[in-house]
Every structure is written in C-alpha cells, then in structure tokens.
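K.L.:
Residue strings, one per chain:
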Amino acid sequence: MFSLLNTIWTVLKTTFRKRATIQYPEERPHIPPRWRGRIILSRDAHGQERCVACNLCAAACPVDCISLQAAEDRQGRRYPSFFRINFSRCIFCGYCEEACPTYAIQLTTDFEMGEYVRQNMVYEKEDLLISGPGKYPGYDFYQEAGLAVGGKDKGTGPNEEPPVDVKSLMP
Amino acid sequence: MTDTFHHLVILFGILFSVLTAGGLLIWLERRLLALWQYRYGPNRVGPFGLLQVAADMIKVFAKEDWIPPFADKAVFIIAPAVIVIVVVMSFAVIPWAPGIEVVDLNVSVLFVLAMSSLGVYSVALAGWASDSKYSLLGGLRASAQMLSYEVFMGLSLMGVVMLAGSFNLRDIVEAQEDLWFVVPQFFGFVVFFIAGIAETHRLPFDLPEAESELVSGYHTEYSGLKFGMFFVGEYLGIALISALTVTLFFGGWKGPFLPPGIWFGLKTFLFICFFVLIRASLPRPRYDQLMSFGWKVCLPVSLVNLVVTGAVILMRATY
Numbered sequence: 001m002f003s004l005l006n007t008i009w010t011v012l013k014t015t016f017r018k019r020a021t022i023q024y025p026e027e028r029p030h031i032p033p034r035w036r037g038r039i040i041l042s043r044d045a046h047g048q049e050r051c052v053a054c055n056l057c058a059a060a061c062p063v064d065c066i067s068l069q070a071a072e073d074r075q076g077r078r079y080p081s082f083f084r085i086n087f088s089r090c091i092f093c094g095y096c097e098e099a100c101p102t103y104a105i106q107l108t109t110d111f112e113m114g115e116y117v118r119q120n121m122v123y124e125k126e127d128l129l130i131s132g133p134g135k136y137p138g139y140d141f142y143q144e145a146g147l148a149v150g151g152k153d154k155g156t157g158p159n160e161e162p163p164v165d166v167k168s169l170m171p
Numbered sequence: 001m002t003d004t005f006h007h008l009v010i011l012f013g014i015l016f017s018v019l020t021a022g023g024l025l026i027w028l029e030r031r032l033l034a035l036w037q038y039r040y041g042p043n044r045v046g047p048f049g050l051l052q053v054a055a056d057m058i059k060v061f062a063k064e065d066w067i068p069p070f071a072d073k074a075v076f077i078i079a080p081a082v083i084v085i086v087v088v089m090s091f092a093v094i095p096w097a098p099g100i101e102v103v104d105l106n107v108s109v110l111f112v113l114a115m116s117s118l119g120v121y122s123v124a125l126a127g128w129a130s131d132s133k134y135s136l137l138g139g140l141r142a143s144a145q146m147l148s149y150e151v152f153m154g155l156s157l158m159g160v161v162m163l164a165g166s167f168n169l170r171d172i173v174e175a176q177e178d179l180w181f182v183v184p185q186f187f188g189f190v191v192f193f194i195a196g197i198a199e200t201h202r203l204p205f206d207l208p209e210a211e212s213e214l215v216s217g218y219h220t221e222y223s224g225l226k227f228g229m230f231f232v233g234e235y236l237g238i239a240l241i242s243a244l245t246v247t248l249f250f251g252g253w254k255g256p257f258l259p260p261g262i263w264f265g266l267k268t269f270l271f272i273c274f275f276v277l278i279r280a281s282l283p284r285p286r287y288d289q290l291m292s293f294g295w296k297v298c299l300p301v302s303l304v305n306l307v308v309t310g311a312v313i314l315m316r317a318t319y
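Sequence order for the protein chains is C and Y. Residues in the first sequence are numbered from 1 upward in steps of one, following my numbering. Residues in the second sequence are numbered from 1 upward in steps of one, following my numbering.
It should be emphasised that the hints constitute simulated quantities derived from the structure, not laboratory data. The reader is advised that the hints may include incorrect statements.
Said to hold, decoys possible - Straight-line distance between alpha carbons at most 20 Å, and here's what the computed EDC-like set of lysine to aspartate or glutamate pairs gives:
hint	chain 1	residue 1	chain 2	residue 2
1	C	Lys13	Y	Asp171
2	Y	Lys254	Y	Asp171
3	C	Lys125	C	Asp64
4	C	Lys18	Y	Glu29
5	C	Lys135	C	Glu98
6	C	Lys152	C	Asp73
In this text, all values refer to a predicted model and were calculated from it rather than measured experimentally.
Generate coordinates for the entire structure from the input sequences, incorporating the hints supplied.
P.N.:
Structure representation (structure tokens):
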C-alpha cells in the first residue's frame, strides 16, 4: 500500500523534469558525423568521378537497391554509364560504403528524404553525384592504383612503386 | 415563464459544459500523461494542442461505423449509448454552486449510485453483443468488478450520509461548512475513491479493457462513433467521480475568496489530474488480486468505518 503511494509521489515529483522529446522540425537532433543517411557519389580532387563501376556495392547490397552499368572512356577510365539507387528499398546499412574500393559511394548525415510519389525515391546518377570528395579529401584512386590511365603510366603516381620486372630473377 | 427559462439555461449550460469537459479531458489526459513520461503530448494542433480534440472528433466521425455481422445488432448499438446516458443523468443531481443544479433531488446520493450501477449494463451488454471472446471476457470482468466495487462504494458513502443527516447532495455540501468530510470520513473517502476508479474502470483497475491480454476488452469490436461514445463515457465517468468526491468529501463549492462555481471546478479539476497521475504511476493488478482486495480489504474497511461513525454519532447524541 505504501509502496503504491510512494510510486505516485515519485511520479508526481518528476512533473517539472526536462522532457526527452526533441521538437523535430524546429529543434534539430544531433546527428553524428558517421550517420548512415542519404547515399552520394563523390568526386576526386580533380573533379572526376571516383566510381569505377566495379559493381561491388551492388553485390554487397542486401536489398539489391543499387543498379549500375559499367563503361570506359577514351583514356581507359572506367565509369558507370548509369547509376541508380532505389531509396524506397534502401535500408541504409552502409555495406555499399564498406565495399567500395575507391571511396566513391558514401553515406551522409541527411535523412529528410520524404516524397509523395514513390517513383521520386529512385535516384539517378545526376541526383547522386556531388561536386566534392565527401569524407575523404585528397584521395584519388587512379593516382594510387598502379594503373596506366589517361597519360599517366604504370607506377608513376605519387603513392605508387615502379612495376616489378617479372622477367628478371633479381629481387 | 422566466423560471422555466432559467431552468433551461442551467440545464443546457450544465449539459454543454459537461460534454465539452468530456471532450477536453481526452486532451488533458494525453498532455498530463505525457508530462509524467517526459514527453509533450499533442501540442501541434492549435494553441497548446487544444484543437487536437476537434481533430480527434473529425477522425472519429470519418471512421467507418462497422457492425460485425455476428454481433447482436440492436444491443450492440444500445450499449455505448447507455454509458453516456447514465453518466450525464448522474450529473443532473450534482450541485455546482448554490442554485446551479438541474434537479434538487432529496435522494440524490442514491440516484447517483443507482445510475452508476446501471452503467454496468453498458459494458456487460457491449461484451455480450459483440459475440467475440475478448469482448465477452472483458464484459464479464467489467460486470463482476463493477458489481463488487459497487457494494462498498455505497457503504463508504453512508458515513457521510449519517454525518450530514441527508441523502441530498446539496445538504451534504451545506453540512461541510465548518469541516470537510474528508477529515472525519478519511477511510470512507479512500474507499470511495478506489471504488470510483474501479467503477469508471480506469487504470489501475482497467481489467475489463486490459490491452495486454484482452486486446481492448468489451469495446474490441467497436469502431467509429460508437467507440467514441465509450471513450466519452469513460471520461465523463472520471469527471463524475471527481465531482462526487469533491461534493461529498471536499466541501463542494465551498471555499474562500473565489466564487463557488470556480471552487467546485478547481477541486474537480485537481481530482481529474489525480486520476491521470494514478494512471501514469500504478501498474494493473491481477484479476484475483483485484477481487480479493475489494472483498477482503475495502469491504471490511468501509463496514468498520460505518460502524465507528454510527457509534460516534450515537455517543454524541447521548452525551
């Protein structure tokens, strides 16, 4: 009986306690920088697309919401001819970001993606591509991958070693 | 002529304010409950979310009014009306202020008790007519609970009636000029309030509609405005029990400085808030605990209270 009264009194004492609710549209919640929100495609320091259309993100995606088509330009750079993410399927697990070898696909802190028409949830490449490098400034896949592309020869990039002569026995 | 007009104004004024209060209580409960759960509750529609009531009403009106094909149609329709009718009838005898009441009945305490007993029909019939297992269980629980708590609800009031020497609520309020009856009749008040909570089947005594086991009990099959009637009836029941508690134990409209109607409203409001506070804090007992608490604790307490009050009154009369 007294425990019941004590309960009532304890609840009554919390009357002027600060409320836990965040009044969302006016009051913004804190979003951590690693938040898994809207997916973007980033560009490297030279303003070129990072995506090399390797399809690893599409393979990693557990709900198959990513689809893309690989293509190659005259310089030998691979790029996606289209890149489509169906955000009405996306579960924002971030596996695509983990799978990406070139830091091209990244998840951002944006989460306000409501739409009235379901078709508008399908984002094409021009909706996904941003102008900057996203979370990894200064990273350029082709400068480090040891690949001959667009006038740059094998092993001449800043973080590359010259190619090994496989026909010689010397170390 | 002017007398009739005066009565009509009072009648419709009370009816209007009671029904408005019943609607606003939905908002009040949600806000208060939110307050005690560190939330805000409905605060978007209109000032302080007050228009939430209007939004809810529109929603309830627009809902499909579905009567299950297996239900007993006539009884199914009557049941939600019964609870609202009996509660509004009970409000007829409550004195709001000197001269402001619908009827000055000389057995108004008995009238209120009779009306709240009739309220059992609403839930029992609703549970019965729905022809669904959850509704039936809820209806059975409701009738058993309300009948057993009805017993000592009446008994706990007899002490007040003895002290005031009248069944008339107006006389009872007048008899509290010097001392509120909550002081000499403290146990009567506690038992009456507990019985009142059980009578309105509010938490923690909401076993007839225990969501965790009975979906929503006797109104499982109800939708639309019929469901709304049950809700309005429940909230009006809260207001009624609060108003009765104030009238019987807390001096009704009596109080310094402020006009009597304001005092009555203020005290009633506090008790309504207390109802919500109890809902916010207490868990629901098991059904057998509810029954044994009623018969083994509340009934003896109210009987002892009755005997002791009678003895004290007799002693005073003799010496």
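K.L.:
Lys125 (chain C) and Asp64 (chain C) were given as a pair; does the straight-line alpha-carbon distance stay at or below 20 Å?
P.N.:
At roughly 16 Å apart (the allowed maximum being 20 Å), Asp64 (chain C) and Lys125 (chain C) satisfy the hint.
K.L.:
Take a quick look at whether Lys18 (chain C) and Glu29 (chain Y) sit within 20 Å of each other, Cα to Cα.
P.N.:
holds (19 Å)
K.L.:
Quickly compare the C-alpha distance for Lys254 (chain Y) and Asp171 (chain Y) to 20 Å and report which way the hint goes.
P.N.:
Distance ~12 Å between Lys254 (chain Y) and Asp171 (chain Y) Cα, so the pair holds.
K.L.:
Keeping to a limit of 20 Å between CA atoms, is the pair of Lys13 (chain C) and Asp171 (chain Y) held or broken?
P.N.:
Given that 20 Å is the threshold and the Cα spacing comes to 37 Å, the pair is violated.
K.L.:
For the pair supplied as a hint, Lys135 (chain C) and Glu98 (chain C), is the alpha-carbon distance within the 20 Å limit?
P.N.:
holds (13 Å)
K.L.:
Take a quick look at whether Lys152 (chain C) and Asp73 (chain C) sit within 20 Å of each other, Cα to Cα.
P.N.:
Holds, because 15 Å separates the two Cα atoms, which is no more than 20 Å.
Hint violations for this structure: number 1 only, all remaining hints satisfied.
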